[in-house]
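*Asks:* In order, the protein sequences belong to chains A and B.
Sequential numbering from 1 applies to the first sequence in UniProt numbering.
Sequential numbering from 1 applies to the second sequence in UniProt numbering.
Bear in mind the hints are in silico, worked out from the structure with no lab data behind them.
It is possible that part of the hints are untrue.
Just so you have them, the derived chain A footprint on chain B, three or more residues with Cβ under 8 Å [as the list claims (entries may be wrong)]:
{"no.": "1", "region": "36-44"}
{"no.": "2", "region": "103-117"}
{"no.": "3", "region": "144-158"}
In this text, a Cβ means the ideal position worked out from N, Cα and C, and glycines have one as well.
This is what each chain is made of:
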Amino acid sequence: MPLSSPPSSRLLKLGVLASAVLMLATLGLFALSLNGRDHGDDDVRLVVTAQGCEPQELSVPAGETRFNIVNDSQRAIEWEILDGVMVLEERENITPGLHQPLTATLAPGDYAMTCGLLSNPHGTLHVTANGDAPAVALSRQAFIAPLAEYKVYLVLQSRHLVDAAETLHQAIAAGELDAARIAYREARLIDQRLAMAIGLYSDLDERLNARADYFAKREQDPQFVGFHRLAHGLFETGSTDGLTPIATQLLEDTRTLGERLRHQAIPPDQLANGSARVLMAWYAHARDDKTLNAHELLDLQGLAAGAEKIVTLLTPLLERQAPNTLEALQAKLARLQQRLAETASSVPGTQASRDIDRDALLTETQVLADILASLDHTLALHG
Amino acid sequence: MSRRSLLFAASAFGLMTLQTPAQADVAPDALVEPVAEYKLYVLDNLDQFVSHTEKFTQAVEHGHLQRAQALYAPTRVYYERIEPIAELFADLDASIDAREDDYENGVEDPDFTGFHRLEYGLFKERTTQGFTSYAKRLMTDVNDLESRVQGLTFPPAKVVGGAAALMEEVAATKVSGEEDRYSHTDLWDFQGNVDGSQKIFELFKPLVAEEDPAFVQRVEKNFAAVEATLAHYRREADNPEAGFVSYEKVSQADRRAFVGPVTVLAEDLSTLRGKLGL
Numbered sequence: 001m002p003l004s005s006p007p008s009s010r011l012l013k014l015g016v017l018a019s020a021v022l023m024l025a026t027l028g029l030f031a032l033s034l035n036g037r038d039h040g041d042d043d044v045r046l047v048v049t050a051q052g053c054e055p056q057e058l059s060v061p062a063g064e065t066r067f068n069i070v071n072d073s074q075r076a077i078e079w080e081i082l083d084g085v086m087v088l089e090e091r092e093n094i095t096p097g098l099h100q101p102l103t104a105t106l107a108p109g110d111y112a113m114t115c116g117l118l119s120n121p122h123g124t125l126h127v128t129a130n131g132d133a134p135a136v137a138l139s140r141q142a143f144i145a146p147l148a149e150y151k152v153y154l155v156l157q158s159r160h161l162v163d164a165a166e167t168l169h170q171a172i173a174a175g176e177l178d179a180a181r182i183a184y185r186e187a188r189l190i191d192q193r194l195a196m197a198i199g200l201y202s203d204l205d206e207r208l209n210a211r212a213d214y215f216a217k218r219e220q221d222p223q224f225v226g227f228h229r230l231a232h233g234l235f236e237t238g239s240t241d242g243l244t245p246i247a248t249q250l251l252e253d254t255r256t257l258g259e260r261l262r263h264q265a266i267p268p269d270q271l272a273n274g275s276a277r278v279l280m281a282w283y284a285h286a287r288d289d290k291t292l293n294a295h296e297l298l299d300l301q302g303l304a305a306g307a308e309k310i311v312t313l314l315t316p317l318l319e320r321q322a323p324n325t326l327e328a329l330q331a332k333l334a335r336l337q338q339r340l341a342e343t344a345s346s347v348p349g350t351q352a353s354r355d356i357d358r359d360a361l362l363t364e365t366q367v368l369a370d371i372l373a374s375l376d377h378t379l380a381l382h383g
Numbered sequence: 001m002s003r004r005s006l007l008f009a010a011s012a013f014g015l016m017t018l019q020t021p022a023q024a025d026v027a028p029d030a031l032v033e034p035v036a037e038y039k040l041y042v043l044d045n046l047d048q049f050v051s052h053t054e055k056f057t058q059a060v061e062h063g064h065l066q067r068a069q070a071l072y073a074p075t076r077v078y079y080e081r082i083e084p085i086a087e088l089f090a091d092l093d094a095s096i097d098a099r100e101d102d103y104e105n106g107v108e109d110p111d112f113t114g115f116h117r118l119e120y121g122l123f124k125e126r127t128t129q130g131f132t133s134y135a136k137r138l139m140t141d142v143n144d145l146e147s148r149v150q151g152l153t154f155p156p157a158k159v160v161g162g163a164a165a166l167m168e169e170v171a172a173t174k175v176s177g178e179e180d181r182y183s184h185t186d187l188w189d190f191q192g193n194v195d196g197s198q199k200i201f202e203l204f205k206p207l208v209a210e211e212d213p214a215f216v217q218r219v220e221k222n223f224a225a226v227e228a229t230l231a232h233y234r235r236e237a238d239n240p241e242a243g244f245v246s247y248e249k250v251s252q253a254d255r256r257a258f259v260g261p262v263t264v265l266a267e268d269l270s271t272l273r274g275k276l277g278l
């Protein structure tokens, strides 16, 4: 065959055919890859019909699971994984006849699934513990949510503190001793809930919370201001005389506190450690007194409430890292708060009461502080 | 290489591999403040939602049809703004905001309650007669929602993801006018969803602005486009409180004009989680 001859029409046809086959093969591969992506071997397939989920009950191992939700009903649906009434994951607006993937990372436990219409029965999703999976170390990310929630708590509590300080200031300026005493207790309780955060600012901490013992001339020292100075006037001297400038300063300081807390970054290792520190400061002071008076009990009540917020925030982290420590922590906190509640109802006015089990309160406070102080180690936050 | 620098290199490598995945140039600690600010925003809106719901449900209970009709949309706005958080509570989301299509028997379904049940009464049947129990139930549910949200530690991924979720919802089920099919107050809901999405974007914007200025510009441009279309249908140009005209008066062209920027916003905003390493 001469080299110069044009390709035969037969060859041309073959070429066209070959490229068509190639194109089809490519399309096929493309379709296969789509298919493969949508129905991966590990995907858990779930069909939502007009009546509910099929299957109605699913079991998957803990960790990451990819669900493939098929809408086999006549309406657009949303599919959700529920923990109680809380939505953990959801895929909205799945068109009839189509399917959508949803990847969820689930901890062991039983969950519910919504299955199309709200009137359809919920399905059940069992997530089984995965014995081989290593415990996941906590990342810094795990602290975003608790730190943000703590910040919200601080901002809201500091707003309450400003309101309470205003009421206190008004009562003192008007010379109403009884109203001022009530307002004092209200404000002081909030101040003590915030004790750990206030401790971040030495100037405010001194002006709001320093005791007379820390000043050269004690109660007579002009630098002695804040809550303890007001308490001395209202409860020891029994008069509002001369307290107005102190109350004005206190109100101003609570406002400054609120502004600072709004933009303050609280380091994660301060959550538990800081709570332990303020409890130990109370303990150290109370240990040296022969009796506990109503002020000290009120302070401890505020400190315990502040610690309770921290424990609530750290609970999801401790549940995974150290369930036994968490159990001990919650038990000790509950014990202390219960004793405080019993004591509060039995202490009249400012008089020390012989009924108070002082030693028990001291011991329980110390034990709680010790567990809190150990948490940073547990949560791998030391250093 | 000295022993010390070897050690240094090894520990630097170790640190690198310990870094969280994705484009996590954003330090996790930097997310704390915007998440906290978002919760404060949600709480403020919930506060408003509760007081508006009080007035709305009172109007229904007292049989003031016109007043109840007028308060329907301005009350819902607060729910629409905070929907990414509100809808985390599946039971309340259903009893407060479900549509008749969510139930097998539609409006006849005994479990169908909330805003859209009242909407049907106020705007379709044009009566408050027989709706007292729905009004009371709505108030109870809204109070319940407030106390649950107060106690909720906000999941950061849901907060950031909420920006896109709100726009997806507008594109998927709002532009059609199906949300408020009897009252035709859909534009109020749009505005609420846009407000809520924009708030989240504004809070996290400083964390991505330097890294990806083009992204920020594009999102801002599309928000502006949506706002401009919405502004066109305000009852009073200078008074947002006056709200919007009926959705029936929105031209098909403008309905379509929403879809473009809203869809692009939903897509763009859906990358925010990854950009923030969540």
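*Asks:* List, from low to high, the hint numbers that the structure doesn't satisfy.
*Replies:* none
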